[in-house]
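Student: Residue numbers (the numbering used here), protein chains in the order written: chain U, 12 to 345; chain W, 12 to 345.
For the record, the hints were derived by calculation from the structure and aren't laboratory data. Hints should not be assumed to be uniformly reliable.
Treat identical chains as interchangeable: a pair holds within one or across any two.
[What the hints assert, rightly or not] Okay, derived cross-link-like pairs now, BS3-like style, lysine-lysine, Cα gap no bigger than 27 Å in a straight line:
1. LYS291 / LYS197
2. LYS240 / LYS160
3. LYS151 / LYS15
4. LYS231 / LYS126
5. LYS289 / LYS197
6. LYS197 / LYS301
7. LYS221 / LYS291
8. LYS231 / LYS160
9. LYS282 / LYS221
10. LYS221 / LYS273
All figures in this text were calculated on a predicted structure; none of them were measured in a lab.
There are 2 protein chains.
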Amino acid sequence: MSKKYRVGVVGATGVVGQEIIKILEARKFPVQLLRCFASERSLGQTVEFNGQRIDVEVLSQETLTDLDFALFSAGSSISKEYCPIAAERGIVCIDNTSHFRMEEGIPLVVPEVNKDALKNHNNIIANPNCSTAQMMVVLKPILDAVGIKRVVVSTYQSVSGAGSSAIKELEDQSRANLSGQELAPKAFSAPIAFNVIPQIDVFLDNGYTKEEIKMINETKKILGSDDIKVTATTVRVPVFVSHSEAINIETQQYLSADDARKLLANTPGVKVVDDPEKLKYPTPRDAAGKDDVLVGRIRQDVSIDNGIELWCVGDNLRKGAALNAVQIAEALIA
Amino acid sequence: MSKKYRVGVVGATGVVGQEIIKILEARKFPVQLLRCFASERSLGQTVEFNGQRIDVEVLSQETLTDLDFALFSAGSSISKEYCPIAAERGIVCIDNTSHFRMEEGIPLVVPEVNKDALKNHNNIIANPNCSTAQMMVVLKPILDAVGIKRVVVSTYQSVSGAGSSAIKELEDQSRANLSGQELAPKAFSAPIAFNVIPQIDVFLDNGYTKEEIKMINETKKILGSDDIKVTATTVRVPVFVSHSEAINIETQQYLSADDARKLLANTPGVKVVDDPEKLKYPTPRDAAGKDDVLVGRIRQDVSIDNGIELWCVGDNLRKGAALNAVQIAEALIA
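Produce the complete structure using the sequences and hints provided.
Tutor: The structure is reproduced here in C-alpha cells:
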C-alpha cells in the first residue's frame, strides 16, 4: 500500500481553501486525514471532502500539529505567524501568500517550470502570485528555446483573486447598476461593475503596485535569471474567475509564431487555443474550472525583429493558487 | 455676424451620430442648418437639436446636397460610396470610419496633435480610430520632448465602440447571467458579460486584428513618423463607455515620471489623474461623458533605462469619435 498523508488546509473556508479541498479530492491526492483550519468566525462550519463532512477547527499553536503537509491561504499575517511554527514541527508548509516568496532559501515553485528548486527546502515552500504562475508556464519553453530579453505584460484579472467579498461586490453592484442604482465600493477602491480598475494590491514608492512588482520579482526568481527584464500593469476587470494577460516577449533569438505555437502545444500545463480563422482564442470563461493555462493570439511582434505577442488565460483559483499548491505537494511525494 | 454652416450628420441615429449632435450643440458650433441622414430603417424618427425636432432623412445621392460639412459615421461602405460624391459637390466630409484613413492625400487628424495636416485636403478628412485618438494626445508631448522608439499598448475597450446592439448585448447578457441564465452572443463572437474578448474587428494574415493594425498604422501617420515602432493588443471588456489603455513607451532620451506628469498636465485635451497615495487614477466610469483624456499610473519603466508606463482612459464616443470630428470642423473654420 502506498503512503498516505495527513494534510491540513489553513483558510479552508476561503475561496482558495475551498478550491484546494476540491482539487485534493479530484486529483486523488493520497490523503490519510484532512484537517480544515480557519479563524473563529468559521467555527461551526463543515467542509465536504470525499463524501465526508469535516468540522472546521480554529487555527492555533495547539491545533496545528500532527500533519505532514499544511497548505496555507489565510493571508500573509497568518502565514508569517504559523508557517515557522509548523515548519519547526516538521510539517511541510505550502504557502499561497506573498509573505515568504522572495525570501532567500525559500523555494518559489511552479512544478512544470522549476521543480528542482524543491530539492532544498526547510519545510516552507512558496506558491507564486496567481498572475505570475500562469505566465511562467508560458514563458519557460520560450526562454529555453530562444532566450528572453524583456517582457511587457498587461493583466485583466478577475475579482475572485480578491476573495469572496469581491465576488459578491461584483455581483451586487452589477445587479444594482442594471436597475439604475449605485452601490458604493467596499472590496475595491472604485466601482468594479462595468468598469476596470488599474490597481491591484497597494502602491509602492516607484508608482508600481505590489502586484506588479510581485510579477516582476517572482518571474526572475522562478525562471532563475535576473537578466530577464519585466514590466507589468495589473488591472482588475469585472470577470468572476480567470486572469487574462497580454504578454509581449522580446526574445534573444528569432522565434516564428508557428514555432512558438508548436513549442507551447508541447508544453505540459498549457493548451493552445489559437485559430483566428475560426475566431478561436481563449477567454476567461473558457479557462474557468480548467487546470491548463490557455494560450492564443500568438503572433510575431511587428515592432521588433525578435518578438512574440500572445494572450494567456488561466483559472486564478487553480493554476494561480490551489492547483499549483497541490502540484507542489505531489512533486514532493513523487 | 460670424458665419454659420449647414451641417449634415450621416448615421444620425447611431451611437456616434447622436453624440455628434449633442456635441455640436454643447460646443455651440455655428450651425445654420442641421440635417440628419440615416438609412430607410430610421425613417420617421426625429432627432433633437437646440430644442428643435429634426426629421431624419434617408441618405441618397439626391438628398446629400446643400451642405458645408458632412460628418459621417454610418459604416465604411456608406463612407466609401458617399464621401466622394459629397466632396465633389464641395461638401467637406469628416469621416469617422476607417475607409479613407490610410489613403495618401487624406489627412488623418487629431486637432491637438497634427492640425497642420488640415492645410491640404480635398474635402475628405479622416477621423482616427477611437483607441488611436486618445493615445495620440498622450504620445505627442512625449514624442516632442524626448522622442519615442517603441510603444507596446494593451487596450481595455468598451462595448459602445461596437454600436448600440453591443451595448444592449452587454446589458441583456449581464442581466441573464445574474439570474443564472445564458444568452448567446450576437454582436460579439463570445460572451461579453463577465468576460473579456481579445478580438476587435477582423483578423488579418499576420495574426493581428484590424483594430490593432489601425492603432499601429494610424499612430505613424498622425505622428508623422515611420520610425516609431508600435505593437498593440486590443481587447473588449464589459464596460459600457470609455476605452482604457496600458501604454508602455520606450523613449529616445530619458524622461522622469515627474517630468512626464508635468508635460501631460500642460497638454490640451489631457487631464492628469495620478495620485497613488490617495488611490487616484482614471477608470472608464470617470472618463465617460468627459472631453479630456484622463492619464494616470505614470511611472518609470523598471525594465529599461528610458521608458514610461502609463494608463490612459478616454470616452470613446467623444475624443475617440464625435468630439474629435467636431474639433476637426472647428479647426477648419477657425
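Student: Each hint should be assessed against the structure and marked as holding or not.
Tutor: Hints, one by one, checked against the model:
{"no.": "1", "hint": "LYS291 / LYS197", "in the structure": "between (36 Å within a copy, 16 Å between copies)"}
{"no.": "2", "hint": "LYS240 / LYS160", "in the structure": "both (6 Å within a copy, 17 Å between copies)"}
{"no.": "3", "hint": "LYS151 / LYS15", "in the structure": "neither (32 Å within a copy, 64 Å between copies)"}
{"no.": "4", "hint": "LYS231 / LYS126", "in the structure": "within (15 Å within a copy, 45 Å between copies)"}
{"no.": "5", "hint": "LYS289 / LYS197", "in the structure": "between (41 Å within a copy, 15 Å between copies)"}
{"no.": "6", "hint": "LYS197 / LYS301", "in the structure": "between (29 Å within a copy, 25 Å between copies)"}
{"no.": "7", "hint": "LYS221 / LYS291", "in the structure": "between (33 Å within a copy, 16 Å between copies)"}
{"no.": "8", "hint": "LYS231 / LYS160", "in the structure": "both (12 Å within a copy, 26 Å between copies)"}
{"no.": "9", "hint": "LYS282 / LYS221", "in the structure": "between (29 Å within a copy, 25 Å between copies)"}
{"no.": "10", "hint": "LYS221 / LYS273", "in the structure": "between (34 Å within a copy, 25 Å between copies)"}
The structure does not agree with numbered hint 3 stated previously, though it agrees with all others.
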